[in-house]
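Just so you know, the sequences run in chain order G and P. With the numbering used here applied, the first sequence corresponds to residues 686 to 1025, in that order. With the numbering used here applied, the second sequence corresponds to residues 800 to 1196, in that order.
Keep in mind that the hints were calculated from the coordinates and are not lab data. Given the structure is predicted, the values throughout are model-derived calculations rather than measurements. Just so it is clear, CB atoms sit at the ideal spot from N, CA and C, and this is done for glycine as well.
Each computed SDA-like pair below joins lysine to any residue, with the alpha-carbon atoms no more than 25 angstroms apart: (1) K862/G with V951/P; (2) K862/G with I938/P; (3) K717/G with G969/G; (4) K849/G with L875/P; (5) K817/G with P956/P; (6) K849/G with G865/P; (7) K849/G with G1059/P; (8) K822/G with R1052/P; (9) K849/G with V1049/P; (10) K817/G with E1050/P; (11) K817/G with G1051/P; (12) K862/G with A953/P; (13) K849/G with S879/P.
Where chain G lies over chain P, by a calculated footprint (3+ residues, C-beta under 8 angstroms): (14) 864-870; (15) 949-957; (16) 1047-1057; (17) 1136-1147; (18) 1159-1171.
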Amino acid sequence: MKKTLLSAAIGAAVLGISSAASAATLDDVKAKGFVQCGVNTGLAGFAQPDASGAWKGFDVDYCRAVAAAVFGDATKVKYTPTTAQSRFTALQSGEVDILARNTTWTISRDTALGFNFRYVNYYDGQGFMVPKSLNVKSALELSGAAVCVQSGTTTELNLADYFKTNNLQYNPVVFEKLEEVNAAYQAGRCDVYTTDQSGLYATRLALSNPDDHVILPEIISKEPLAPAVRQGDDKWLDVVTWAGYALVQAEEFGITSANVDEMKNSTNPDIKRFLGTEADTKIGTDLGLKNDWAYNIVKNVGNYGEVFERNIGQGSPLKIARGLNALWSKGGLQYAPPVR
Amino acid sequence: MTDKAVTAPPPKRGTTSLIYDPKARSIFFQVLTVVILVVVVMWIAHNVSSNLARSNTASGYGFLGGRSGFDVGQSLIAYSSDSTYGRAILVGLLNTLLIAATGIITATVVGFIIGIGRLSKNWLVAKLCTVYVEIFRNIPPLLVIFFWYSGVLAILPQPRDAIQGPLSTFLSNRGLTFPYPIWGEGASVIPIAFVIAVIGAIGFAVWQKKRQMATGKQLPTGWISAGIIIGLPLIAFLAVGAPLTFDYPVEGRFNLSGGGNIRPEFVALYLALSLYTAAFIAEIIRAGIKGVGKGQTEAAAALGLQPNKTTQLVVVPQAFRIIIPPLTSQYLNLTKNSSLGVAIGFPELFSTGSTTLNQTGQAIEMISIMLTIYLTISILTSLFMNWFNAKMALVER
Ligand SMILES: N[C@@H](CCC(=O)N[C@@H](CS)C(=O)NCC(=O)O)C(=O)O
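All chains, full assembly: derive it from the sequences and hints.
Here it is in structure tokens:
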């Protein structure tokens, strides 16, 4: 009797494991009916729950775009707030299906950490913020300052490199959580706050007196922020990649959430292929989705320009300019490969 | 009932009787426990290995030799972003040990005072000590840490308006800055003199004890030992020409530069853990002293021992036997609670370990390293306390 119990228990354990170890994220997502998305714990404009508890933001819209592509319904997302430290374990362990959380694409994250990045949704760079009262004009004047920084970020590594190459001394004040970094800066525990420029704008807004703080002109690093998925699941990587490209492509075509239904009647073959109205198209089904996947993204979420302006651009308190994130055709870097 | 069981005819060896047989039952449940344990361990091991294979991450401990690339705010040894991950972990470990050692000493001293205070015949003292214990025992340690960090230390002024104390010390929200001693040539004889003095003091104490046994005469051992331990290094210091200068803190553009600095993160964690743990230690001390029978004190009085001699020679040695085992768990708790320092940015083991984990992605390896280190610290502490306990028990006989 004990023998059967033992083998049954081991059998159950092994079975449980094999299903947990499945690498077909798209099938898992379809089966469970929602996308589990790792986002920031709360960064204005990028990912933050609003007054009613609904998540809003630039990164959040990337999760919604994937849900729209898979289910035709952008609300089929569950969010997991992750800190700089916890985000990678959350993705590696399979707790989340995508990590859309202002995460810089670096080679070690691509290789040693076992992730895949395929496109940059926001081109950023690291900067510094100081209280106006300190009268600092350039980062090169910062020798001897105490610098607040969050651990587990590229920020903390760039900071060390920048001060080292410029032969400046500094005193690192390192916290694990964003609120603690913010509180310490606000309390004057450090003189300087450093993170991605986008993060600086968001953080400055959250300070009690935003106008008392300036962002220094130096940008000390390249921070291509990109959604990440686990390595070894190409189908899922394709879905996440093309959901992102669809946003950019829609902007290039001039398709918006407002005119997408009209555009369905377009005779332009590129747009017909994109929106899945071409006869006998297989583009969507080859992705493992329905042929109206891109239509659903634009209808539910909008195009890249809409997503940008609404969350972090002119339609938001952050008022970040498109800059590098303009379309390639307008002097920026946002570029989508052809849908054909 | 027992009678009945004894007089009743022996039960038949059937299945029903086996179920009711305490011996068979106990064997069954023990086997069951072992089986469940084995299954769980196998399941975890399998899960870990299959997850590792699936996550496409590199494994092994080779990453420890790589360049860390991050800076650490407080370090007892030389460390920069060019140092290795292994060294970053060592920096964290030393900071953990620093907090544990200073915290344990302070918690023990404060705990003793409060514990004895609670037994005081002075109403106010006893009540104050009770209030202390009740407050600290009932607040989560993390909250106590935040209380010190955000509630007390963060309110200190900016370094430009630092409070100046005596001897060129400055107190600001960047911590306590003080003149840092710089030892000159020949200073190395001072620690040597100190070691010789300690050995000498121990030798003296042993000799005086023998003498007291033989002649009954007493010498003020405490004073003489203190004299040797302080005096000899002092003489050595003067003999080599007082090779000591100070690096004084000066006001820089942002901070006080130069001098030594004790950071507020350390102070907050140290105070919080010491005062929190002291509340538990106070209770242990009180229980220990109360646990010594009243008859012992009365017997000592009957023998003509003075009250303070009674405490010193009769009550405390016996109380120790009760106190030491639970005291050990408090020491272990304090050491483990030091990992809460990560919440206020104190770079202890868990903090530098987590950063390493994050930058390298070596989750299993880093967790195993941290587990092993905490386990080792705890086991060493336990071993030491057990040894101390055994020694105490022997002395008490
Ligand atoms: N892009 C950088 C930094 C990203 C990052 O974590 N930024 C911080 C500061 S803006 C943040 O979002 N923290 C939020 C949190 O940890 O909850 C990286 O990928 O390492």
